[in-house]
Amino acid sequence: MPNESLGGLFSAPTGVKVDTAAVETAPTAEAGDSQIHDVIIVGSGPAGYTAAIYAARANLRPLLFASSVSPGGDLMTTTEVENFPGFVDGIQGPELMTTIGAQAERFGTDIRYEDVESLELEGEVKKVILSDGSTFLTRTVIISTGSEYRKLDVDGEQRLSGHGVSWCATCDGFFFKGKTLAVIGGGDSAVEEALYLTNHAAKVYLVHRRDTLRASEIMQKRAFDNPKIEMVWDSAVQSINGEDKVSSITLTNTKTSEESELVVDGVFVAIGSDPRTALVRDILELTEAGTIAVDGRSSRTSIPGVFAAGDVIDSTYRQAITAAGSGCVAALDAQHYLESLS
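Residue numbers (the working numbering): 1 to 342.
Keep in mind the hints are simulated off the structure, nothing from the lab.
Check the hints yourself; a few may be wrong.
Mimicking DSS-like on lysine-lysine, the simulated pairs with C-alpha atoms at most 30 angstroms apart in a straight line are [what the hints assert, rightly or not]:
id, residue 1, residue 2
1, Lys-245, Lys-203
2, Lys-203, Lys-255
3, Lys-177, Lys-151
4, Lys-177, Lys-228
5, Lys-179, Lys-228
6, Lys-245, Lys-228
Pair by pair, the computed Cβ-Cβ distance ranges are [unchecked claim]:
id, residue 1, residue 2, range
7, Gly-86, Arg-209, 36 to 42 angstroms
8, Arg-214, Ser-118, 32 to 38 angstroms
9, Val-263, Pro-227, 15 to 21 angstroms
10, Gly-133, Lys-245, 42 to 48 angstroms
11, Asp-132, Glu-230, 49 to 55 angstroms
12, Asn-83, Ser-257, 39 to 45 angstroms
13, Asp-132, Ala-102, 21 to 27 angstroms
14, Thr-287, Asn-83, 23 to 29 angstroms
15, Thr-212, Asp-33, 52 to 58 angstroms
16, Ala-102, Arg-297, 25 to 31 angstroms
17, Ala-293, Ser-342, 58 to 64 angstroms
18, Ser-118, Tyr-149, 21 to 27 angstroms
19, Trp-233, Asp-132, 14 to 20 angstroms
20, Ser-342, Arg-297, 23 to 29 angstroms
Think of the CB as a built atom: it goes at the ideal place given N, C-alpha and C, for glycine as much as any other residue.
Whole structure, please, built from the sequences with the hints as guidance.
Here it is as C-alpha cells:
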C-alpha cells in the first residue's frame, strides 16, 4: 500500500501549555508559535505515537510532527500485522498506526503533518524548525525518525510490496508456509533471514552478487548445513515479476551477463537498513552502526533534554513492539528530566 497522508483522520489539535516566564527569556520563534512546549516529538510510527501517549497522559501536552510524506512510518506500507500484542486476528499496518495515533490524540497530543527541516538542541530551550521556516520551542525533544530498509530499486519491487515482497522475515515469514522464497543479500542479516524463513518455507534461495558470502563463518556454516537453503551465486536481481503477487525474479549473472528466471512465491530483501539520522548526524553522538547513541537502556542522548526512541536507536530488533516500548521509555525519561528542572 503506498504512503498516504493521515491528515483529517484525527480530531482537532489540543492546546499546548504556555510558560510565560520562560517565554520572556527564550529565543524568538519565527512564524511558529510563541509557546515553549514541554515535549516535541519528531517522527511518528510506533515509537513516536507511543511516546506521545505516555507524554500526553503525564499532562505534558506533546506536539508531534508526523511528516507530510510518510506519517505512521514503515507500517503504513505493511499489510497484515499478526505479531503486535492485543490483536488476536491480526490487523492491517495502516489501521494499527491510525489507531495508535488516534489514541495519542485522545489524551491531548497535537499531531501535525509537517516536515522538520533542522534542529537546534543545545541549551535548556531547543528549537525545532520546519521546512517552511516556522520555528517551535521546547524543553525536550524526542527523536523517533525510524530507519529505512535499503531497496533494490528494480522493476516490480515497490509495486509488489506487501504482495510477496518484504524486508522483514520475522514480520511476514508466517504467510509463506510451504512456499518457495528468495532472500537477496550476502551478509549476516540475509543469512539470518534465510534461516528464519526455513521454519515456514519449503525452500529458500539465497541470492548473492558474489561467489562468497560476507556473513560471519558461523552464520555461513548454518546456511550451508541447512537442506532447505540453496545458494544462487554471482546473481543480481533485475526485476521482480508478477501481476497481483510475486511469481518469479529475473537474475543477471554478474560474471557472464546471462539472464535467467527463478520461480518463487516471495522475495525478502536483506541488503541492510539505514537509520534516519540526517537531522542529528552532526549534532548527536552516533554509534558505529549509525544509530543515535543512548545511555544504556535509557533514551538519553549525548545532549541533555534530547531523547531518542525506536529504530533510530536500534540496529538489531527493529520490530513494532520494541519500537513502541522504546517510545514509552523516551516519554518517561523526558518526564523525569522536566521534573528535574523544577
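Here is how each hint holds up against the structure:
no.: 1; hint: Lys-245 <-> Lys-203; verdict: holds, 18 angstroms
no.: 2; hint: Lys-203 <-> Lys-255; verdict: holds, 25 angstroms
no.: 3; hint: Lys-177 <-> Lys-151; verdict: holds, 24 angstroms
no.: 4; hint: Lys-177 <-> Lys-228; verdict: holds, 13 angstroms
no.: 5; hint: Lys-179 <-> Lys-228; verdict: holds, 11 angstroms
no.: 6; hint: Lys-245 <-> Lys-228; verdict: holds, 23 angstroms
no.: 7; hint: Gly-86 <-> Arg-209: 36 to 42 angstroms; verdict: holds, 41 angstroms
no.: 8; hint: Arg-214 <-> Ser-118: 32 to 38 angstroms; verdict: holds, 36 angstroms
no.: 9; hint: Val-263 <-> Pro-227: 15 to 21 angstroms; verdict: holds, 19 angstroms
no.: 10; hint: Gly-133 <-> Lys-245: 42 to 48 angstroms; verdict: holds, 45 angstroms
no.: 11; hint: Asp-132 <-> Glu-230: 49 to 55 angstroms; verdict: holds, 52 angstroms
no.: 12; hint: Asn-83 <-> Ser-257: 39 to 45 angstroms; verdict: holds, 41 angstroms
no.: 13; hint: Asp-132 <-> Ala-102: 21 to 27 angstroms; verdict: holds, 26 angstroms
no.: 14; hint: Thr-287 <-> Asn-83: 23 to 29 angstroms; verdict: holds, 26 angstroms
no.: 15; hint: Thr-212 <-> Asp-33: 52 to 58 angstroms; verdict: holds, 57 angstroms
no.: 16; hint: Ala-102 <-> Arg-297: 25 to 31 angstroms; verdict: holds, 29 angstroms
no.: 17; hint: Ala-293 <-> Ser-342: 58 to 64 angstroms; verdict: violated, 28 angstroms
no.: 18; hint: Ser-118 <-> Tyr-149: 21 to 27 angstroms; verdict: holds, 25 angstroms
no.: 19; hint: Trp-233 <-> Asp-132: 14 to 20 angstroms; verdict: violated, 50 angstroms
no.: 20; hint: Ser-342 <-> Arg-297: 23 to 29 angstroms; verdict: holds, 25 angstroms
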